[in-house]
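J.: Protein chains in written order, with numbering that gives the first Met the number 0: chain Z, 0 to 262; chain B, 0 to 262; chain P, 0 to 262; chain D, 0 to 262.
Hints listed in this document are in silico derivations from the structure and should not be mistaken for laboratory results.
Each hint should be verified, as a subset may be incorrect.
Since the list gives no way to pick one copy over another, a pair counts as held whenever it fits inside one copy or between any two copies.
Said to hold, decoys possible - Subject to a maximum C-alpha distance of 16 Å in a straight line, what follows is the list of computed EDC-like cross-link-like pairs (lysine to aspartate or glutamate):
| hint | residue 1 | residue 2 |
| --- | --- | --- |
| 1 | Lys-209 | Asp-179 |
| 2 | Lys-159 | Glu-135 |
| 3 | Lys-212 | Asp-238 |
| 4 | Lys-222 | Asp-238 |
| 5 | Lys-37 | Glu-19 |
| 6 | Lys-212 | Glu-239 |
| 7 | Lys-222 | Glu-239 |
| 8 | Lys-127 | Asp-166 |
| 9 | Lys-37 | Asp-18 |
| 10 | Lys-212 | Glu-185 |
| 11 | Lys-222 | Asp-18 |
| 12 | Lys-222 | Glu-232 |
| 13 | Lys-209 | Glu-239 |
| 14 | Lys-157 | Glu-167 |
There are 4 protein chains.
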Amino acid sequence: MTSREVLVEEGSLCLIYFDERRKYIVRASRGAELHTDKGVIRLEDLIGIPYGSTCRTSIGIRYFVLKPLLVDIVLYGFKRRTQIIYPKDLASIILFSGISSGSIVVEAGTGSGVLTAFLAYLVRPEGKVYSYDISEVNIKVAKRNLELAGLLPYVTLKIKDIREGIDECDVDAVFLDMPDPWNALEASYNSLKSSGILVAFMPTIVQVGKIIKALYEHGGFIKPTIFETLLREYKPSVDELRPRTRMIGHTGYILVTRKILVQ
Amino acid sequence: MTSREVLVEEGSLCLIYFDERRKYIVRASRGAELHTDKGVIRLEDLIGIPYGSTCRTSIGIRYFVLKPLLVDIVLYGFKRRTQIIYPKDLASIILFSGISSGSIVVEAGTGSGVLTAFLAYLVRPEGKVYSYDISEVNIKVAKRNLELAGLLPYVTLKIKDIREGIDECDVDAVFLDMPDPWNALEASYNSLKSSGILVAFMPTIVQVGKIIKALYEHGGFIKPTIFETLLREYKPSVDELRPRTRMIGHTGYILVTRKILVQ
Amino acid sequence: MTSREVLVEEGSLCLIYFDERRKYIVRASRGAELHTDKGVIRLEDLIGIPYGSTCRTSIGIRYFVLKPLLVDIVLYGFKRRTQIIYPKDLASIILFSGISSGSIVVEAGTGSGVLTAFLAYLVRPEGKVYSYDISEVNIKVAKRNLELAGLLPYVTLKIKDIREGIDECDVDAVFLDMPDPWNALEASYNSLKSSGILVAFMPTIVQVGKIIKALYEHGGFIKPTIFETLLREYKPSVDELRPRTRMIGHTGYILVTRKILVQ
Amino acid sequence: MTSREVLVEEGSLCLIYFDERRKYIVRASRGAELHTDKGVIRLEDLIGIPYGSTCRTSIGIRYFVLKPLLVDIVLYGFKRRTQIIYPKDLASIILFSGISSGSIVVEAGTGSGVLTAFLAYLVRPEGKVYSYDISEVNIKVAKRNLELAGLLPYVTLKIKDIREGIDECDVDAVFLDMPDPWNALEASYNSLKSSGILVAFMPTIVQVGKIIKALYEHGGFIKPTIFETLLREYKPSVDELRPRTRMIGHTGYILVTRKILVQ
Numbered sequence: 000m001t002s003r004e005v006l007v008e009e010g011s012l013c014l015i016y017f018d019e020r021r022k023y024i025v026r027a028s029r030g031a032e033l034h035t036d037k038g039v040i041r042l043e044d045l046i047g048i049p050y051g052s053t054c055r056t057s058i059g060i061r062y063f064v065l066k067p068l069l070v071d072i073v074l075y076g077f078k079r080r081t082q083i084i085y086p087k088d089l090a091s092i093i094l095f096s097g098i099s100s101g102s103i104v105v106e107a108g109t110g111s112g113v114l115t116a117f118l119a120y121l122v123r124p125e126g127k128v129y130s131y132d133i134s135e136v137n138i139k140v141a142k143r144n145l146e147l148a149g150l151l152p153y154v155t156l157k158i159k160d161i162r163e164g165i166d167e168c169d170v171d172a173v174f175l176d177m178p179d180p181w182n183a184l185e186a187s188y189n190s191l192k193s194s195g196i197l198v199a200f201m202p203t204i205v206q207v208g209k210i211i212k213a214l215y216e217h218g219g220f221i222k223p224t225i226f227e228t229l230l231r232e233y234k235p236s237v238d239e240l241r242p243r244t245r246m247i248g249h250t251g252y253i254l255v256t257r258k259i260l261v262q
Numbered sequence: 000m001t002s003r004e005v006l007v008e009e010g011s012l013c014l015i016y017f018d019e020r021r022k023y024i025v026r027a028s029r030g031a032e033l034h035t036d037k038g039v040i041r042l043e044d045l046i047g048i049p050y051g052s053t054c055r056t057s058i059g060i061r062y063f064v065l066k067p068l069l070v071d072i073v074l075y076g077f078k079r080r081t082q083i084i085y086p087k088d089l090a091s092i093i094l095f096s097g098i099s100s101g102s103i104v105v106e107a108g109t110g111s112g113v114l115t116a117f118l119a120y121l122v123r124p125e126g127k128v129y130s131y132d133i134s135e136v137n138i139k140v141a142k143r144n145l146e147l148a149g150l151l152p153y154v155t156l157k158i159k160d161i162r163e164g165i166d167e168c169d170v171d172a173v174f175l176d177m178p179d180p181w182n183a184l185e186a187s188y189n190s191l192k193s194s195g196i197l198v199a200f201m202p203t204i205v206q207v208g209k210i211i212k213a214l215y216e217h218g219g220f221i222k223p224t225i226f227e228t229l230l231r232e233y234k235p236s237v238d239e240l241r242p243r244t245r246m247i248g249h250t251g252y253i254l255v256t257r258k259i260l261v262q
Numbered sequence: 000m001t002s003r004e005v006l007v008e009e010g011s012l013c014l015i016y017f018d019e020r021r022k023y024i025v026r027a028s029r030g031a032e033l034h035t036d037k038g039v040i041r042l043e044d045l046i047g048i049p050y051g052s053t054c055r056t057s058i059g060i061r062y063f064v065l066k067p068l069l070v071d072i073v074l075y076g077f078k079r080r081t082q083i084i085y086p087k088d089l090a091s092i093i094l095f096s097g098i099s100s101g102s103i104v105v106e107a108g109t110g111s112g113v114l115t116a117f118l119a120y121l122v123r124p125e126g127k128v129y130s131y132d133i134s135e136v137n138i139k140v141a142k143r144n145l146e147l148a149g150l151l152p153y154v155t156l157k158i159k160d161i162r163e164g165i166d167e168c169d170v171d172a173v174f175l176d177m178p179d180p181w182n183a184l185e186a187s188y189n190s191l192k193s194s195g196i197l198v199a200f201m202p203t204i205v206q207v208g209k210i211i212k213a214l215y216e217h218g219g220f221i222k223p224t225i226f227e228t229l230l231r232e233y234k235p236s237v238d239e240l241r242p243r244t245r246m247i248g249h250t251g252y253i254l255v256t257r258k259i260l261v262q
Numbered sequence: 000m001t002s003r004e005v006l007v008e009e010g011s012l013c014l015i016y017f018d019e020r021r022k023y024i025v026r027a028s029r030g031a032e033l034h035t036d037k038g039v040i041r042l043e044d045l046i047g048i049p050y051g052s053t054c055r056t057s058i059g060i061r062y063f064v065l066k067p068l069l070v071d072i073v074l075y076g077f078k079r080r081t082q083i084i085y086p087k088d089l090a091s092i093i094l095f096s097g098i099s100s101g102s103i104v105v106e107a108g109t110g111s112g113v114l115t116a117f118l119a120y121l122v123r124p125e126g127k128v129y130s131y132d133i134s135e136v137n138i139k140v141a142k143r144n145l146e147l148a149g150l151l152p153y154v155t156l157k158i159k160d161i162r163e164g165i166d167e168c169d170v171d172a173v174f175l176d177m178p179d180p181w182n183a184l185e186a187s188y189n190s191l192k193s194s195g196i197l198v199a200f201m202p203t204i205v206q207v208g209k210i211i212k213a214l215y216e217h218g219g220f221i222k223p224t225i226f227e228t229l230l231r232e233y234k235p236s237v238d239e240l241r242p243r244t245r246m247i248g249h250t251g252y253i254l255v256t257r258k259i260l261v262q
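Looking at chain Z on its own, in the form it has when it is part of the complex:
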């Protein structure tokens, strides 16, 4: 074993990877088993082997033991209570919000904690995510998910209606993923530091029309940038290289704007 091999420790997460459509997030732990249609995996056996190893199930099917990225943990390990934001949208939301290590951000609603997790992952270790949701059950599920991902220390979860105000001041960015983001504009404005970023994610174009109208009436933000993204996957075949037949045709619209000082 060379120095390049990082070993799986007891209690750490692994991505069990059979193929593109068969992936599992498990914890390397004594006594537990993963039952799949490809056979059984004793999770105890994962302890001490290097990440990247090739193993076989009880019936001899090959799989790889990978160190999971956050996107793996979210897609294959998170419990979902609500429609989640897709990775393609998380990617754009993060990049255009400009957040990074040390940022202080506010989010509503928490939902299943998917965006929360990515925000926490990026603002670590000094930054902080304040996440609001009016549903106690959502907060409970999100807490479980964030714990799984090891990101709970960077998040403060609040069962509270963001439309009634944000407790935090001078925050770098506010992220709104809620049915009526236009009703949280005033609270967001008050919470943001000057020149701070507001991002909203909305599934319907009707919502986009309403928030644009509300933004212009409010006056405290620059003209928003609005876009949607499409991710088109290809079949990784040498002889039949082509996009996959089916794709996600729509998830939602992303709006990004910035607070300006109103005189």
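Chain Z is already provided as a structure; the job is to place chains B, P and D on it using the hints.
T.: For chains B, P and D alone, kept in the frame of chain Z given last:
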């Protein structure tokens, strides 16, 4: 002035924002001026005002003084020597590579330093980016750009052909944006820690076909995920809400895979 | 009943329309029944009622009786033996080929006869479609489908390998939907009238690369136009207007070129 | 010269084709000349040569003489007074409307006559297009364009507001390309034969929302199908096969529905 207002300090970067199509990156400094078709701005006047302020040019045209995000600095402040990777692609590359604060990554080629800058921004303050390019001029331009963005401390620039080997070991991710990434597979494999991420960005589908073939022949990587992204911007109008007439129809294909241990 | 109402005659086709996802092509005929999960429809009852009528099934579920368009007959009435060309692609193929009433065209392969049907529909009543396929079963299925659509009189079906030559001369257009269209270029060139149109439809980008190479080597065609089309459907909802979540991400690439005289 | 060569007759239209970006529609006629940046072409010289011929300009630049398709005449020969419907949309509109030789159709507004031309081209020789526009200048330009394309005999142009009623009864399809198509629903319903097709083309999503609402309130149409199409062109290069960098990101939304009998 409330506590929410962050003041522009002498020597810091500002985004001068007239509208979506007219943006400038400037440094607040004594004696300097920005000449635009909307009038002149004395950059000295920016010192001490809060970010988010509304100001007027010598001929009375209104603009906002915003705190620039990295994406602003890259798009409006970087000198470009080569075709740069677009923000939509940077976003996906970053998210699917799983890097964050503390990651150690390798990149080739440096080009104008755009991907370098985003990688550095995210791995800060403890992580590191090692960036290879065979062109001395590219490295020079990238150095200037990274200095502008304040990210040079997190980057080691190398005038070296990555196809001949990577000096760093056990890295978390390798990013290839070069004409023939298939010729850097062996070097990437040797540099990556086990289960580490390989990302390649390629403008043509011909390149995609070649790297798939090379990956399968190499055998040390899982089946790659290949995709392209499209970003479609909307006109932010209440009465005429619609996508913009023209869009970028293609930038490149992104390939993501992971190192596995070959027995 | 006003003059605007066209009555369903015995033996004519009807589109039974419950909703966007539940459509059936039936023939109004005595003694027959359509059994659906929404109840039974006695097809005899359709005779004599006007197209556009609202009716109810045996269990009281409402449906409409519509006069089927060719696209309905193809999608809901044709037997499919092969992957068919989608309406979005048929639309572009037809428009960019310039064919209309009176055109003489050649096609290979016949497949299930879907493109054949649209070509026949447009060249009627004076034009003609010559359709080649090497599979006897394909020709049989296509014949049944074209009969259903009432278009067989305008088509000559041939069990023959188009790569070995086309019998018809001076044709207006040649349509290639076959695995190796590059092997039919010489035959197509000889069959086309000067300035005539060649269209090829190919699922993979690998095929596109091969036909481009073959076209340039042949020299008898102008530089081809190559494109793909995407059709994105919207949920027709007043309050939740948005694209549908899932869409077809890929069908194939369309190539269009024209014969020139080689001196 | 073989029988495959069709000769250019005096007075007939030709497509002068230099390359994908340089195309001209001219009439082969004595005394006239075409001046281009690639040199001069004496249009008299075209008379009697076969379509598909390779010729050279006064300064020796090569071009092809092609028989123009309708799409060429429209794109390179029509005078444009208004934003025209793009070929990709014309293709879908035509296919999903089901019209063909013999159809009787109504259209508003005429605009520059582009959709009018394609409708006329397809309903020929027995069908008819009735085209309404409130602008006398539009009708004049459309008349000139339809004459150029040889399609005027199949069209009746009317300077009339379609919202006040359609003179024709029992028509197969109505096409609305006007700012407020919802105000023409009642007129369209009365003009259509039962089960007939209504198509609307709208640039903004705001219009789509309004027409959906109006359709549901009217009650005389099935639930509409709404979609947009994207056409993505590829660079026809063997070594650099890839989509073109820029594309048209939006033209408009297409709505298709059918008249049902209201009891």
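J.: Now, for every hint given, state plainly whether the structure supports it.
T.: Tested hints:
1. Taking the closest pair of Cα atoms, Lys-209 and Asp-179 come within 16 Å of each other only inside a single copy of the chain (9 Å); across copies the shortest separation is 21 Å, beyond that limit.
2. With identical chains, the CA atoms of Lys-159 and Glu-135 are at most 16 Å apart within one copy only, with a shortest distance of 9 Å there and 55 Å across copies.
3. Taking CA atoms no more than 16 Å apart as the test, Lys-212 paired with Asp-238 passes between copies only; the shortest distance there is 9 Å, against 50 Å inside one copy.
4. In the homo-oligomer, the alpha carbons of Lys-222 and Asp-238 lie at most 16 Å apart only across protomers (15 Å), although the nearest pairing inside one protomer, at 47 Å, exceeds that limit.
5. With identical chains, the CA atoms of Lys-37 and Glu-19 are at most 16 Å apart within one copy only, with a shortest distance of 14 Å there and 38 Å across copies.
6. In this homomeric assembly, Lys-212 and Glu-239 come within 16 Å of each other (Cα to Cα) only across copies, at 12 Å, whereas the closest approach inside a single copy is 47 Å.
7. Taking the shortest Cα distances, Lys-222 and Glu-239 sit within 16 Å of each other only across copies (15 Å), while inside one copy they are farther apart (44 Å).
8. For the identical chains of this complex, Lys-127 and Asp-166 are intra-copy neighbours only, at 14 Å inside a copy versus 36 Å across copies, given an alpha-carbon limit of 16 Å.
9. Taking CA atoms no more than 16 Å apart as the test, Lys-37 paired with Asp-18 passes inside one copy only; the shortest distance there is 11 Å, against 40 Å between copies.
10. In the homo-oligomer, the alpha carbons of Lys-212 and Glu-185 lie at most 16 Å apart inside one protomer (14 Å), although the nearest pairing across protomers, at 31 Å, exceeds that limit.
11. Taking the shortest alpha-carbon separations for Lys-222 and Asp-18, only the inter-copy value of 8 Å comes in at or below 16 Å, while the best intra-copy value is 44 Å.
12. With identical chains, the CA atoms of Lys-222 and Glu-232 are at most 16 Å apart between copies only, with a shortest distance of 13 Å across copies and 32 Å within one.
13. Only between protomers do Lys-209 and Glu-239 lie at most 16 Å apart by alpha-carbon distance; the minimum there is 12 Å, versus 45 Å within a single protomer.
14. Proximity of Lys-157 and Glu-167 under a CA criterion of 16 Å is satisfied intra-copy only: 12 Å inside one chain copy versus 43 Å between copies.
This entry satisfies every hint, going by the numbered hints stated previously.
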